[in-house]
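Line by line, the protein sequences are chains H and V. All residue numbers for the first sequence refer to our numbering, where the first residue is 1 and numbers rise by one. All residue numbers for the second sequence refer to our numbering, where the first residue is 1 and numbers rise by one.
FYI, nobody ran anything at the bench for these hints, they're computed from the structure. Misleading hints may appear alongside valid ones.
To be verified - DSS-like, lysine-lysine: derived pairs with alpha carbons at most 30 Å apart: (1) V:63 - V:77; (2) H:65 - V:136; (3) V:152 - H:65.
To be verified - For the chain H half of the interface with chain V, some residues (derived, Cβ under 7 Å), not all of them: (4) 43; (5) 47; (6) 50; (7) 51; (8) 54; (9) 55; (10) 61; (11) 64; (12) 115; (13) 117; (14) 124.
Claimed, not checked - If you want a taste of the chain V side facing chain H, the calculated C-beta under 8 Å gives, among others: (15) 140; (16) 153; (17) 154; (18) 158.
Note that the structure is predicted; figures quoted are calculated from it, not measured. We put the beta carbon where it would ideally sit given N, CA and C, even for glycine.
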Amino acid sequence: MQSSPFNLRRATIWIGRLVLAGIFIYAGYAKLTMGMHPRPPLGVALSFFALQVDSYQILPSWGVKFVANTLPFAEIGLGLLLLIGWRFRIWATLVTLIMLGFFVAVVRSYALGMQINCGCFATPEPLTIKTVFRDGALVALALLMTIFAFIEARKPHPWSTPEKA
Amino acid sequence: MEVFSDFQCPACKTLFLTTNRRLMDDYVTNGKVYLIHRDFPLAMHAHSRVAARYARGAAQIGKVEPVEQALFQNQEKWEQTGDVDGTVAAVLSAAEMTKVRALVKGGTLDSMIDKDYNLGQTYRINQTPTTVFHCKGQTYPYSGAMTYDILKTFLEQLLSQK
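Looking at chain H on its own, in the form it has when it is part of the complex (with noise of 0.2 Å):
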């Protein structure tokens, strides 16, 4: 069986590259330029987005120093690959985890009625019904672009030479 050039798998895969690999670079340089002119020390950055971080009182201090100080280079540097796409399965999937993690956290602090901000882009956003949809979203198109990622893989590439029989 093989696999026309255009089909809406494709399609799926190339949105969801191109629209979270943008979600992913841009949250990850805005977690560290906190959105201003000067930008801040980046110590002060990190810091300030452990306080996000540790507002979902999920984890504790040391995780919350370990999120804050790591996931915003992560998520460049996942975006930077989806956009690439060198192993994209394997930075889709954990693309896809990720966004799992957050939409987990997300719903948990609005069932909680806990009153925070969400932290996605390191400036003050409190945590809605809209950031539970949004994320909701996203965690959709990663979960279908991951999948639809798998699947196309098993078949052959659309602009390969088609083997005689």
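Since the structure of chain H is already known, use the hints to place chain V on it.
Quick look at chain V alone, frame taken from chain H:
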């Protein structure tokens, strides 16, 4: 640091009792950090403005700390009964309480509370507690309670800026 707080808000209680007390001991008393309490009584809380008036009155006679402590510590009690006066009276002497009551009835404290509230609105604050950090000309607004350990790391970073 400006802390926009509502005496009837549970997260403000948590912030005051678990974090800000330690912050005062480690950073405020030695002058490393200036901590300013700002009243931001939310309309959804029936008694928070009354509590803010009593705290303001107590501040006028130099007794804000025990009153603030009493109001937060007994938050669940007075928010049920509305007995802010009794809560404050428990930690002040009769003479001090007379002065505070006079200030509260005087009606001059509301303008101070409104001034804080309006200032909060200029920062686009819509929830409490919100802490606005100021350092080297930069402003960092943060909403929600904070763990002392994580706050300390942030403050050390701010203070280490040259």
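Each hint tested on the structure:
Proposed proximity of residue 63 (chain V) and residue 77 (chain V) is supported: the alpha carbons are some 21 Å apart, at most 30 Å. Among the hinted pairs, residue 65 (chain H) with residue 136 (chain V) is consistent with the structure: their alpha-carbon atoms are about 24 Å apart, no more than 30 Å. Simply put, residue 152 (chain V) and residue 65 (chain H) have alpha-carbon atoms about 12 Å apart, close enough for the 30 Å limit, and the pair holds. For the restraint placing residue 43 (chain H) at the interface with chain V, the shortest Cβ-Cβ distance is roughly 4 Å, inside the 7 Å limit, so the hint holds.
Because the beta carbon of residue 47 (chain H) sits about 4 Å from the nearest beta carbon in chain V, less than 7 Å, this interface hint is met. Evaluation of the residue 50 (chain H) hint against chain V yields a held restraint, the C-beta minimum of about 5 Å falling below 7 Å. Restraint check, residue 51 (chain H) versus chain V: the minimum CB separation of about 6 Å is within 7 Å; hint holds. For the restraint placing residue 54 (chain H) at the interface with chain V, the shortest Cβ-Cβ distance is roughly 4 Å, inside the 7 Å limit, so the hint holds.
Given the 7 Å rule on beta carbons, the hint for residue 55 (chain H) holds: about 4 Å separates it from the nearest Cβ of chain V. About 5 Å separates the beta-carbon of residue 61 (chain H) from the nearest beta-carbon of chain V, less than 7 Å, and the hint is met. With a cut of 7 Å, the hint placing residue 64 (chain H) at the interface with chain V holds, because the nearest CB-to-CB distance is about 6 Å. The interface hint given for residue 115 (chain H) holds, since its Cβ lies 5 Å from the closest Cβ of chain V, which is under the 7 Å cut-off.
Using the Cβ-Cβ criterion of 7 Å, the hint placing residue 117 (chain H) at the interface with chain V is satisfied: the shortest such distance is roughly 5 Å. With 7 Å as the threshold, the beta carbon of residue 124 (chain H) comes within range of chain V, its nearest partner Cβ sitting at about 6 Å, so the hint holds. Using the Cβ-Cβ criterion of 8 Å, the hint placing residue 140 (chain V) at the interface with chain H is satisfied: the shortest such distance is roughly 6 Å. Of the supplied interface hints, the one on residue 153 (chain V) holds, with its beta-carbon coming within about 5 Å of a beta-carbon of chain H, less than 8 Å.
Taken as an interface hint, residue 154 (chain V) checks out: its beta carbon lies about 4 Å from the nearest beta carbon of chain H, inside 8 Å. Checking residue 158 (chain V) against chain H: minimum C-beta separation of about 6 Å stays under 8 Å; hint holds.
The earlier numbered hints are all upheld by this structure, with none contradicted.
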